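Novice: Here's the letter readout for the chains.
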Amino acid sequence: MFPIHPLRCARAGLCLLFGALSLTSANAQVDFNRQVRPILAEHCLQCHGPDAEKRSADLRLDVEAEAKKSAIVAGAAADSELILRVLSTDPETVMPPPATGKTLTDAQKEVLQQWIQEGAKYSQHWAFQPIADSEPLLNALPSSEAAAMPVDRFLIDKLRKAGLSYSKPVNRAQFIRRATFDLKGLPPTWAEVEAFENDTAERSDERLIDRLLESPRYGERWGRHWLDIARYADTHGGAAIGFTTFPFSYTYRDYVINAFNKDLPVDRFLQEQIAADQLGLPEGDPSLAALGFLTVGMQFRNSNDTIDDQIDVITRGLMGLTVTCARCHDHKFDPVPTADYYALYASIAPSKAPSQLPAIGNVSNEQARQQYERELSDLKLRHQQFAREQNEVLRNRLRMQVGLYLTEIAKGVAEQDLSTQFLSYRTDDIRPLVFNRWQTWLAGLSKDDAVFGPWLELQSWGAVSAAEFHKRRDEYLGRLSAELDAIGRTPDKLHALRGEAPKWNPFIVDALMAQKPNSLSDAAAIYGTVFAEQQRLWLQSILESTNEAAPGGTVLPDEHPQHQIINSPSHRQIRHHLYAAGSPFDLSDDDAVRLTNRTIADLASGKKGAMHQLNLSSPGSPPRAMIVEEDPNPTPTQIFVRGNPLARGDVVQARFLSVLPGDHSQVYENGKRRFGLARSLISESNPLTARVLVNWAWQNHFGAGLVRTPDDFGTRGQAPTHPELLDYLADQLRKNGWSMKWLHRQIMLSQAYRQGSVENEHSRQVDPENQLLWRMPRRRLDFESMRDSMLSACDELDLAMGGRPIDLNASPAVPRRSVYGFVNRDVIANLMSTFDTANPNACTAKRPETTVPQQTLFALNSDFIQDRAARLASLTKPMNPATDEDRIIAMVRRTLCRTPTETEIAKARTFLTEASTNTTTADGVNSDPERSWSLLAHALMASNEFTFLD
Amino acid sequence: MINSTRRHWMRTCGMGFGGLALTNLLTDAANAEDSNGAMHTHFPGRAKHIIHVFLNGGVSQVDTFDPKPELNRLAGQMLPIENLKTERKTGVALPSPFKFEKHGQSGIEVSDLFPHLSKCVDEMTVIRSMYAELPSHEMSLMLMNTGDQRLVRPSLGSWLTWGMGSINENLPAFIALCPGGMPVGGAGNWRSAFLPGAYQGTRIDTSNADPTRLIDYLQNKRLSSAEQSKQFEFLQQLNAEHQADRPGEAAIESRIKSFELAFRMQTEASDAFDISQEPEHIQKLYGDGPQNRQLLMARRLVERGVRFVQTWHGDMQPWDSHSNIKDEHRKVANECDSGLAALIIDLKQRGLLDETLILCTGEFGRTPSVEMGQDGSGASQGRDHNHWGFSLWMAGGGIKKGTVYGATDDFGFKAVENPVSAHDLHATILHLMGYDHQRMTYRYAGRDFRLTDVHGEVIRPIIETT
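Here the protein sequences line up with chains A and B, keeping their order.
The number in my numbering is simply the position in the first sequence, starting from 1, with 21 added.
The number in my numbering is simply the position in the second sequence, starting from 1, with 22 added.
No wet-lab data here; the hints were simulated from the structure.
Remember, predicted model here, so these are calculated numbers, not experimental data.
Not one of these hints is a red herring.
Just the calculated beta-carbon pair ranges, DEER-fashion:
1. Ile103(B) to Thr575(A): 48 to 54 Å
2. Gln259(B) to Thr210(A): 25 to 31 Å
3. Gln259(B) to Ser165(A): 41 to 47 Å
4. Asn830(A) to Pro102(B): 53 to 59 Å
5. Glu87(A) to Ile103(B): 52 to 58 Å
6. Ala401(B) to Gly574(A): 40 to 46 Å
7. Gly203(B) to Gly574(A): 58 to 64 Å
8. Ile103(B) to Leu624(A): 31 to 37 Å
Capping the alpha-carbon separation at 25 Å, the derived lysine to aspartate or glutamate pairs in DMTMM-like fashion look like this:
9. Lys107(B) to Asp543(A)
10. Lys189(A) to Asp220(A)
11. Lys75(A) to Glu479(B)
12. Lys436(B) to Asp449(A)
13. Lys75(A) to Glu113(A)
14. Lys373(A) to Asp288(A)
All residues carry an ideal CB built from backbone N, CA and C; glycine is no exception.
Based on the sequences and whatever the hints tell you, model everything.
Specialist: Now the structure itself:
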């Protein structure tokens, strides 16, 4: 009934391919990693995998010993429960159960049977195995004339086994166009094309690649690739109304571009991005901007989501591992338990952005700088003053509300989720932060505390019957009262200025005795009254004491009851809990303004906004690094059970993933946890990072990686097409100083990279997805290259580097390179989503590639392309001697990097004539012959030849 | 019919607006995500299109579809229950200033805010027991549109267009109409998130009366059509020569086709938005003003095969009547009442109502108690946000006719009988479109994502039996 879906075909093709490649002989042994693991991962592990909580029948199939306890009898498929179940036709017993909607194909069932028959050998998932030593890998391969570089030996070997070979190489003009786009994101100039075509001396390719790698345009091109991974954007995201701009995100972008240009070793590059502040850099070092990797992500309201995003960019982006799946439960498919997720959480959570970011550069305009400094300190002062005043008001209100918070505690609420803190508050709303501080404060007291001892005692009884509560209450309060009586309860004992603090606070004991609480909630109300009364008395007495000092005021002696009583130990015992350092009310001014009522909070954020605006747009605002700072005494991290921050599980230490071999159990040092994490990322024992980097570079040169799921090297990702090559390059990358430029040379000087991108029916049939690289895939310019090429073709491109972002939608266009465009993650510009730019809300390891008519509408109708075309037309006009033919040739060279053929020139001339005669224009008549030249230039820029690479 | 169109579309390698990105599947560049292509429906769906009317800001249920006489009795007194916590403090019971009456055969009560729409109740299911999680506009909008109030997730419209593809290649499959600005949360309401960008809603500002200005780059402002035709011919000639040396290349072929499509769309797409082509009695039926006009536009779009049309009442949060609900709600209801009624009548008379699901909702409701102003008095005569309970209605597309589902408490504060979450609503909508919400998954970053995450139950009682 439904049409056959092309996807199914693609999948079938894939199976066929694997069939062809890996099962060349019918009797070949089943390869666990390649053939069995994907079946288990897709169909079994959801219920019989790493997730302990969701595991059914206590059966685990991803661990050899567990599986062989019951489900698998090695060497005897027919006796294995697993086989009986997958072959079963009974819906009650068949696996996977019909409800999952998953079924195994006959071929898959056969693989499982053969595998068990052959002994059910397990092996570790390829990605977690150590990187193999590169020399033996290479030496195991036959050498060949065609193999210009080591990578060719790996590729040719596989092609040959499949009966295939490389495509014919491209010509020199095509090669320089391909290489220049690859490294600079721009077309070569005609002079460069000519020079390269004429450079027939040996090693001309090498010289070309070296020259391209030396260009600052290289950093802009590859920096942009990296910014995809880093989910770079210039706005916060998630704002309710309007959006907030990062004033300094550009410093991270510029850091990245610079790092590529100077070929900063990637291991160092990664370390700086995770922990630049912990590498002993001098104050104000520009490399501090590297920490933008952590901080330019989406600004979630809930810090747990922000940390989740940081874990995601580190693990998925740099290691190809989807660790954030383990936030709520053990990873369903990969060996990443929830504890590992929280170990990383603990490594990041103590780090926060400071309120003042460090300047990492100067402002050339001294006058502007001075004015900026003046305005900033002025605004800061005003904000601080306002915050301090509002904090006073808030604290005094909170001191009146002891009963409110104790009542909440009496309900048994453990801790409040801080993620809803943004909601506007009314005076009588519970503030989650204050509530949590109450919990902490009370937890630090003992049952001997004069004021809260009775509270803690009552609380410790838990849920007892009313009768039992009464009994214990009378007994307990009787004892307290008696102890107080024994001291003597005369006013001079209890309220004397110099008296001793009583063992039990008389106000509390008396109030409890008088009102006889029937529950902890009752006690909360009683405490509330006592505290509110104390707060009122105290504020009143301050006012009265103050009035004594007013002109005409009556001065009272210190021994006067008005001074004496309020300052007596029993009063002070109560006030201790209201005013002591660390008490629930000891809030920072910043915290306090967030907790004030709506209008006040809005006013305060308005003042902050003014500072923000100043940083953002003042010409005197220096560049600053978006750093984080780590608290050296962090609170312990506990697992959030099922991802719920209110359900705290075991305490975990800051450490690395347990699946990776080596020093994962080593706990990171407090205050340098991110440094520890950065070391783990690049450590010898971590095979993932180097492989992911190699794959990333490969993908950006060949359109697809050796692993075609670049952000999932886990069990459900695709296995590498050339595992040996991946390991060879990963090992060599480390041995060659983690140099990206070394890696580019290895790839770009190969024969593989020189191949043409022509279709080949035979090869396509054997290897429909070009996994063996029998040709260079056809590539289309991405958004940035397309826009920059148009600017470049008409000599308009402004090569200024760095600085605050520009508006890509501005009209007239700002002719800077697209990498400097403002990226708004709140409102993703239509232009950018139309052309498949990276989604800035999460790490993008591979951009989607769509063909939608909005793209071609842009090519047909946008002002941008028509303005560039008009400029190209006028640019080529005064060329001397300006025959039409010369002008056509100049245009084609600037747009398509080649000289047009005679026929093409003739066709263009015909078009020029037709377009300028008998054609009505929007104005009615065609009086300007230049119009036709613009139309011609426009058509060239819109053409497929301009948009696709050979 | 839908299947044959689809088959045709596959065969011609079409890559319409919002259509499946076929190059993705056919070139070597991308096959990494081989589970990421479109899918078929799981079972024959009841609806093929959705018109999602979003009355953004929060519609007061006790003033529209959920009459509460108790509020009249308690006028000026505190409710006998504790006022539930909402964004701001609320006080005494505020009776509805609007009159409720029973309408139609079904006798569903609707207030006099909707004199026209109330005549159509026999086509509707009214759900009176919706609830959201928090009294915050943005979070509730995200919940209603994407199923997650915090994280960046694809919208309902993106999921559906990803799943069902496009019927008309000349128009975007998912269109969001909003006059004069953006709702709170902006493009987040119709984003595709991790689904390919092609499935993002195309936003159109309907305050612009000129239909040719509605889609980016749809018209060439500098060239006459004669000039453009000549240029286009030359361009495609260049492309043909380029292709001749590079045979069998899907990506190149796709872009050539895409040029043809774009060229045609220049006129066809403008037509779809041009309501001046409608006969006068139809224009009259919908009424004046951008809200009514865009509902007529929605019908024209659905008629041309657009999958998912969302109409937003306006910029920011027009239904957010914190004060003077009597006048404020009256004003916004007047702006869309005739259009909403017309939409139901018009779709029905064209035989399109059965295959078009209309969903009319806000992000949450409003409190039955009066909002306390700055001075702590209830002089505002307005209502605060209320996520504890609210109403919405649906019509067409296999939804039951003339039914009320669920109930709030005596005061209309909280959903108490058959409470319905956004996930339940989404599961039900997917069901009506032919999808099992538990099986409609998309693999991203190693996880199979669902619109309903791990929640959601289809509300069977509101589905029309066949």
